[in-house]
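So the protein lines, in turn, are chains A, B, C and D.
Going by this note's numbering, the first sequence opens with residue 1, and the numbers climb by one from there.
Going by this note's numbering, the second sequence opens with residue 1, and the numbers climb by one from there.
Going by this note's numbering, the third sequence opens with residue 1, and the numbers climb by one from there.
Going by this note's numbering, the fourth sequence opens with residue 1, and the numbers climb by one from there.
In short, the hints are calculated from the structure, not lab data.
Take these hints with a grain of salt, some might be off.
[To be verified] Partial pick of chain A residues on the chain B-facing surface, computed with a CB cut under 8 Å: (1) Tyr26; (2) Arg29; (3) Thr33; (4) Glu35; (5) Met36; (6) Pro119; (7) Ile122.
Where a beta carbon is used, it is the ideal one built from N, C-alpha and C, also for glycine.
Protein chains: 4
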Amino acid sequence: MNKRYVWIMAGALLSLPLFAQNQKEYPGRAPMTHEMTEYWWPQPPIVTPGQAPVDPIPAPSDAIVLFDGKDLSKWENSKGGPAEWTVHDGVFTVKKGTGDIRTKQKFNDFQLHLEWCTPVGIEGESQLRGNSGVFLQGMYEVQILDNYQNETYVNGQTGSIYKQTPPLVNAMNKPGVWNTYDIIYTAPTFKKDGTYRTFPRVTILQNGVLLQNNTIIQGTTPYVGFPEVIQHGAGPIGLQDHGDASAPISFRNIWIREL
Amino acid sequence: MNKRYVWIMAGALLSLPLFAQNQKEYPGRAPMTHEMTEYWWPQPPIVTPGQAPVDPIPAPSDAIVLFDGKDLSKWENSKGGPAEWTVHDGVFTVKKGTGDIRTKQKFNDFQLHLEWCTPVGIEGESQLRGNSGVFLQGMYEVQILDNYQNETYVNGQTGSIYKQTPPLVNAMNKPGVWNTYDIIYTAPTFKKDGTYRTFPRVTILQNGVLLQNNTIIQGTTPYVGFPEVIQHGAGPIGLQDHGDASAPISFRNIWIREL
Amino acid sequence: MNKRYVWIMAGALLSLPLFAQNQKEYPGRAPMTHEMTEYWWPQPPIVTPGQAPVDPIPAPSDAIVLFDGKDLSKWENSKGGPAEWTVHDGVFTVKKGTGDIRTKQKFNDFQLHLEWCTPVGIEGESQLRGNSGVFLQGMYEVQILDNYQNETYVNGQTGSIYKQTPPLVNAMNKPGVWNTYDIIYTAPTFKKDGTYRTFPRVTILQNGVLLQNNTIIQGTTPYVGFPEVIQHGAGPIGLQDHGDASAPISFRNIWIREL
Amino acid sequence: MNKRYVWIMAGALLSLPLFAQNQKEYPGRAPMTHEMTEYWWPQPPIVTPGQAPVDPIPAPSDAIVLFDGKDLSKWENSKGGPAEWTVHDGVFTVKKGTGDIRTKQKFNDFQLHLEWCTPVGIEGESQLRGNSGVFLQGMYEVQILDNYQNETYVNGQTGSIYKQTPPLVNAMNKPGVWNTYDIIYTAPTFKKDGTYRTFPRVTILQNGVLLQNNTIIQGTTPYVGFPEVIQHGAGPIGLQDHGDASAPISFRNIWIREL
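Throw the hints in and build the complete structure from the sequences for me.
Encoded structure:
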């Protein structure tokens with residue numbers, strides 16, 4: 001079998017006002033569909049990670065603890081109101097229909113640690129199985145999904161830059177076992193014209209296994225269409241309420257170090 | 001008017017055999033159309049270059065001269081046969097229908113100089129006006145087009161990485177005046193799996209004005225669909241026969257320095 | 001106090017034969033001294049890490065285990081003979097005077113995990129206190145030192161690219177507690193002339209805290225003089241016998257994943 | 001003969017106040033000498049450029065013309081007073097003893113064009129022969145020297161990042177013939193602690209021949225000691241009065257485009 005990987009590195013699209021402007025050039029232009037930016041093959045190798053923490057790994061002394069097991073006081077919903085996800089047993093769980101949450105504090109370059117877990121007995125397949133995500137600076141989604149014995153399009157699996165770059169490997173722990181994410185993020189710089197002067201970049205380890213190595217992020221991470229390049233400054237860490245019944249992901253032990 | 005530029009940086013698609021493989025996942029997937037990867041707005045600023053060489057700029061002593069005004073002996077057609085474009089008056093001109101030509105010699109990293117000219121009285125608009133292109137390592141097209149008072153989609157104009165990154169500015173000389181290209185190219189390196197370990201990169205000056213500054217090339221440059229990442233080694237310099245009647249582009253004074 | 005950091009990023013020196021050649025130009029040139037490339041101030045911030053593993057963290061399923069607690073069969077001394085360091089209690093300890101050891105296998109890009117520990121009751125100060133090091137591709141030393149309440153020159157402390165770039169922080173566990181290193185290494189590529197075409201790069205986490213973020217390695221890491229640029233291919237992982245009485249560093253749980 | 005090049009890429013030193021601070025650690029530390037950061041071998045290949053402009057190459061329409069042949073009104077001396085170099089015949093010449101000059105305007109990223117010429121009959125050798133330099137953002141010197149049939153240390157020759165990186169080749173025109181410099185500069189960004197977050201980078205063509213290709217600048221460019229990393233913002237273009245009798249370099253046709 002041809003083991004050669006050819007991964008998608010999707011590109012930057014015009015932002016919506018510009019898209020409308022450009023759309024006029026082709027009045028009958030066929031719309032993009034979500035499938036056009038989804039690729040299923042080849043699947044990254046499956047690696048069984050050694051790291052499967054029973055208890056949270058304590059934060060370093062200079063970290064800002066974003067969730068310590070007690071409350072969501074460092075978080076808000078997408079309208080700036082209280083974060084309504086469910087806190088229980090030292091963790092918190094997505095509360096379907098309450099929407100995404102994000103940190104009140106905004107960040108530039110950072111090292112982020114978080115732990116997440118999909119419940120035993122989860123159903124659904126492909127994207128409809130434990131789907132959530134971490135938004136870096138509120139802009140760029142690193143996918144979270146229950147990819148344990150569950151295939152999906154490779155640029156939508158756990159550890160992908162969503163609809164852009166698949167992870168190097170699939171290093172999932174099985175449902176009921178906690179996963180760790182260690183994310184090192186370098187914010188972009190912008191030219192006067194609003195385009196990237198330097199790309200955002202990210203390194204990701206899941207359960208101690210490298211998924212992304214200083215990977216270029218090419219723009220936003222929409223479901224349909226290409227990445228957009230949108231000028232921004234410091235931004236929050238966001239977590240996604242995917243809105244389907246199969247996504248009761250739990251989180252714990254979230255801390256961040258400003259770099 | 002919103003002067004904010006949001007440029008396309010299109011992404012890497014699966015190569016054709018893989019595409020077929022992936023296509024099976026979505027039997028009814030709508031095909032991409034060429035318009036989906038074309039963006040018209042905003043147009044790069046127009047700069048009137050100061051450099052408009054009447055005579056060819058002589059080559060440095062360590063350059064490999066690829067065309068010295070006499071013959072196409074350093075070139076071949078895409079089947080390996082003789083290059084059949086028309087040599088006259090110290091220049092050569094695309095001969096419609098004879099296909100692309102390429103150097104017999106292959107290159108890795110290089111500095112390439114070439115000069116090109118669109119005839120006075122050329123007709124057509126957008127892409128149907130003086131369309132050609134330079135292929136780096138036979139893989140990646142830097143667009144050549146008569147963009148003098150002729151708008152087209154910005155990621156298809158002169159100095160764009162075709163269907164990827166527009167040039168910083170439009171620095172065209174008018175028809176009948178020679179343009180220079182100075183292209184500094186760094187070849188990619190590949191992982192074992194055939195994906196880029198380091199991206200190809202290119203710096204381009206047209207008529208002494210910077211169009212691309214160490215820009216990442218994201219893959220091949222197809223008319224329809226996304227860039228592909230295809231593993232390759234050293235490759236030729238190619239020149240495009242666009243095949244339409246409006247493209248009698250002439251070339252002269254082509255030399256290359258291996259880096 | 002001025003908190004502004006100004007770090008050393010030392011540079012590439014001529015290799016020894018060239019040095020001799022260059023030396024002739026200045027017959028009376030004063031020799032470099034080791035102090036010239038040592039800087040003490042400002043010291044990186046001290047961070048108390050949360051991670052202090054009692055037991056080894058198991059290796060991922062695709063890792064090559066370089067030490068599993070039993071023997072040094074994957075290692076050799078610098079002459080290609082048997083590695084003579086002391087294996088005991090599931091760990092191995094530097095055996096003074098037997099010299100550096102290195103893996104028999106050679107590597108290109110990799111993710112390396114190793115754990116190391118300095119004994120309780122260790123004496124000495126600055127560099128004479130638990131001094132060892134990890135050599136990447138046998139060429140580039142990442143310093144290992146007991147920097148717990150022990151200052152030294154900042155480009156010689158734990159997690160520095162030795163005599164080049166200091167770590168972002170000091171994240172030491174105290175003597176008797178195991179430290180983890182997670183090292184992501186990208187090998188250089190070379191031009192025909194033997195200089196770097198792309199620099200080697202390294203990301204390092206100690207005890208889960210970021211010390212180096214895709215840092216450029218500028219050449220070799222000598223005690224006296226500047227880094228050299230020496231052309232090389234795949235190389236081993238090396239561990240240093242510093243040769244002083246204060247360096248009975250122990251290691252355990254070493255694994256590597258080829259990238 | 002071993003043709004392998006091993007170039008110097010010298011490193012960043014502490015700024016002077018810090019140096020004093022660090023000096024205390026080694027009260028008897030031997031001082032650096034200028035020879036320690038000078039390397040003579042191997043000399044870059046000599047390339048005879050094809051470009052030797054009799055007349056100035058006109059500026060693009062969007063350029064800021066810094067010298068148009070008439071006066072130094074865009075320039076000042078290093079104290080902010082009038083630039084006192086000699087304007088004559090559409091060019092200006094270093095006036096020994098009046099000190100460096102710099103633009104009144106400050107720049108970030110830019111493309112700079114300038115032309116310079118050493119007089120026929122110039123005497124002196126090595127650095128004492130037509131020595132000047134261009135300072136990027138007032139911080140980083142690109143060397144200007146009469147290197148036509150005049151060897152010097154390679155990291156001090158024309159087109160070197162002074163005391164850092166030699167040029168790829170020696171592409172000098174002989175005395176009395178104008179040389180062009182086309183310099184593409186990307187300014188650094190800084191971390192809060194004052195170190196580089198991204199390095200400054202520079203591409204240089206002399207007479208149309210590539211000397212530096214997106215080369216990292218490692219810090220300031222002092223005569224004695226290592227590069228320093230000093231936090232700065234926008235800065236002027238500077239030109240050096242080397243202060244020796246052998247340096248009556250002339251300049252003309254200087255323009256800059258902000259990127």
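Cross-check of the supplied hints:
At a threshold of 8 Å, the smallest CB-CB gap from Tyr26 (chain A) to chain B is about 5 Å, leaving the interface hint in force. Interface restraint check for Arg29 (chain A): the shortest CB-CB distance to chain B comes to about 5 Å, inside 8 Å, so the restraint holds. Look at Thr33 (chain A): its Cβ gets to within about 5 Å of chain B, closer than 8 Å, so that hint holds up. Annotation: interface hint on Glu35 (chain A) holds; nearest CB of chain B at approximately 5 Å, less than 8 Å.
For Met36 (chain A), the interface hint holds, the least distance from its beta-carbon to any beta-carbon of chain B being 6 Å, beneath 8 Å. With 8 Å as the threshold, the beta carbon of Pro119 (chain A) stays out of range of chain B, its nearest partner Cβ sitting at about 27 Å, so the hint is violated. For the restraint placing Ile122 (chain A) at the interface with chain B, the shortest Cβ-Cβ distance is roughly 22 Å, beyond the 8 Å limit, so the hint is violated.
The structure shown violates the earlier hints numbered 6, 7.
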